[in-house]
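Peer 1: Line by line, the protein sequences give chains Y and X. Numbering-wise, the first sequence is residues 16 to 271 according to my numbering. Numbering-wise, the second sequence is residues 16 to 271 according to my numbering.
No lab work stands behind these hints: they were computed from the structure. Fair warning: there could be bad hints in the mix.
Unchecked claim - Under the rule of at most 35 Å between Cα atoms (straight-line distance), these lysine-lysine pairs were calculated in the DSBU-like manner: (1) LYS83/Y x LYS213/X; (2) LYS192/X x LYS264/Y; (3) LYS264/Y x LYS236/X; (4) LYS165/Y x LYS264/X; (5) LYS264/Y x LYS165/X; (6) LYS192/X x LYS204/Y; (7) LYS264/Y x LYS204/Y; (8) LYS215/Y x LYS83/X; (9) LYS195/Y x LYS228/Y; (10) LYS18/X x LYS245/Y; (11) LYS204/X x LYS264/X; (12) LYS236/Y x LYS204/X; (13) LYS264/Y x LYS191/X; (14) LYS236/Y x LYS204/Y; (15) LYS165/X x LYS204/Y; (16) LYS264/X x LYS236/X; (17) LYS264/Y x LYS264/X; (18) LYS165/X x LYS236/X; (19) LYS264/X x LYS195/Y; (20) LYS192/Y x LYS264/X; (21) LYS83/X x LYS18/Y; (22) LYS18/Y x LYS165/Y; (23) LYS228/X x LYS245/X; (24) LYS264/Y x LYS191/Y; (25) LYS204/X x LYS264/Y; (26) LYS228/Y x LYS236/X; (27) LYS228/Y x LYS18/X.
2 protein chains.
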Amino acid sequence: MHKRPLILVTNDDGINAPGIRALIAVMNTIGDVVVVAPNSPQSGMGHAITLNSTLYSEEVRLDNGPQKEFSCSGTPADCVKLGIRELLDSPPDLCVSGINHGSNASINVIYSGTMSAAIEAGIEGIPAIGFSLLDYNWDANFEACKSYVKTITQNVLEHGLPNGVVLNVNIPNIPKKEIKGIKVCRQAKANWVEEFDKRKTPQGKDYYWLTGKFVNLDGGKDTDEWALEKGYISLVPVQFDLTAHHFLKDLNNWNL
Amino acid sequence: MHKRPLILVTNDDGINAPGIRALIAVMNTIGDVVVVAPNSPQSGMGHAITLNSTLYSEEVRLDNGPQKEFSCSGTPADCVKLGIRELLDSPPDLCVSGINHGSNASINVIYSGTMSAAIEAGIEGIPAIGFSLLDYNWDANFEACKSYVKTITQNVLEHGLPNGVVLNVNIPNIPKKEIKGIKVCRQAKANWVEEFDKRKTPQGKDYYWLTGKFVNLDGGKDTDEWALEKGYISLVPVQFDLTAHHFLKDLNNWNL
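The shape of chain Y in the complex, shown without the other chains (with noise of 0.2 Å):
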């Protein structure tokens, strides 16, 4: 019989969150888990580390399940880092991000802690998938997205994932029996608009909260945006080599 695998988890929304909840969930089925995940929520905080301040991270006991838990004062990405140096007695066989509340698909994978996690993981050689449901709330309902979490997480581990290629599934809000099935995409060229509402302080001062719309303007029926919208569980490979390899040709055409 094979050795159970060593599971890494961890998310954005802090470690108190359902989705990630439902995550260690379904790792206790597939191998041995420890969770590493932010003590607060760190939405947006895309792939930031922390540089110029101190962290700190304590083991917690947070459910009845098995698996062996640390809370840490950083972002997702120094989570990822404290685990495998400092409190995992092993390299992890796989890191898993999530279940994250709302969508990483299109061009929040840019901005998406989640995701910043599972690609710091393929950085260090780790495999490592991003999970998110498209659902904002905190009391999103993650049953659905179980069984799917489980496939892609066996898949994963039987096949493995090529040198400098993590996987970001996102996961439709709807019952599971509309779910059509798995899709693989790639990230679909969409963008936010962003729309700042300007307001007053008491004082007089003025501030900004950042709003925005979504807008897809990528006909392409091979997105994850056109997949999610046509009921898919969306599945793209993700590489952290940001090289325009198509552009280098007409840039040694410059005269520079």
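With chain Y held as given, fit chain X onto it using these hints.
Peer 2: Just chain X now, kept in the frame of chain Y:
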């Protein structure tokens, strides 16, 4: 005669940093400059955005140049969003970020606030360049960079950049006469090997400082790290479609 381009300048070391002062000086020779930059250092902030708190900005005057300047309480990505949507009278023709105090070559692009600002502008459809000097010191000497910063900027204004691509420019910390020129490169496959410096608070609680060693195992002679080591300025085209297109076909063969 052409209209002077409108140039948005930002950074992640803060609006008072010598690096952004040098960049503003160069941009004033090319176009009309508006600065929107963080009011405090934001290094290591990755692509963080401010979702759960408010943003402040105020017009400031920090030197005798002709530029308009706004100091902002947010991250570099926030500065670009706020600049484009609220503070500038019309969309900029170009966004430049930096000059960063320290390298953003190789995997550092992922953690970089400087590059997140350039990428944010790129997402908004604005041609954008991030500049970094390989000297972390506050009193780094930016004089040697200036003519190269100008040449690259003029090339971008002349040729434009394709949708979805921004430039990551790194400059070696050597005297100007030793700089061999500008080299178009790919991002080296290198990473940080973290070491956490574990200490105890006066009250006996464990805490950590994140430290680490940069390790480049990429032997290619077409990488940014190679170019910088050989005395070239590295120029890497960076994309924010993170899809690992080469792995889509394999994934479709999984049992999902």
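Peer 1: State for each hint whether it applies.
Peer 2: Consistency of the hints with the structure:
no.	hint	in the structure
1	LYS83/Y x LYS213/X	holds, 21 Å
2	LYS192/X x LYS264/Y	holds, 27 Å
3	LYS264/Y x LYS236/X	holds, 16 Å
4	LYS165/Y x LYS264/X	holds, 22 Å
5	LYS264/Y x LYS165/X	holds, 22 Å
6	LYS192/X x LYS204/Y	violated, 43 Å
7	LYS264/Y x LYS204/Y	holds, 23 Å
8	LYS215/Y x LYS83/X	holds, 23 Å
9	LYS195/Y x LYS228/Y	holds, 27 Å
10	LYS18/X x LYS245/Y	violated, 47 Å
11	LYS204/X x LYS264/X	holds, 23 Å
12	LYS236/Y x LYS204/X	holds, 32 Å
13	LYS264/Y x LYS191/X	holds, 27 Å
14	LYS236/Y x LYS204/Y	holds, 12 Å
15	LYS165/X x LYS204/Y	holds, 31 Å
16	LYS264/X x LYS236/X	holds, 29 Å
17	LYS264/Y x LYS264/X	holds, 26 Å
18	LYS165/X x LYS236/X	holds, 26 Å
19	LYS264/X x LYS195/Y	holds, 20 Å
20	LYS192/Y x LYS264/X	holds, 27 Å
21	LYS83/X x LYS18/Y	violated, 63 Å
22	LYS18/Y x LYS165/Y	holds, 18 Å
23	LYS228/X x LYS245/X	holds, 20 Å
24	LYS264/Y x LYS191/Y	violated, 47 Å
25	LYS204/X x LYS264/Y	holds, 20 Å
26	LYS228/Y x LYS236/X	violated, 43 Å
27	LYS228/Y x LYS18/X	holds, 32 Å
In summary, the structure is inconsistent with hints 6, 10, 21, 24, 26 from the numbered list given earlier, while agreeing with the others.
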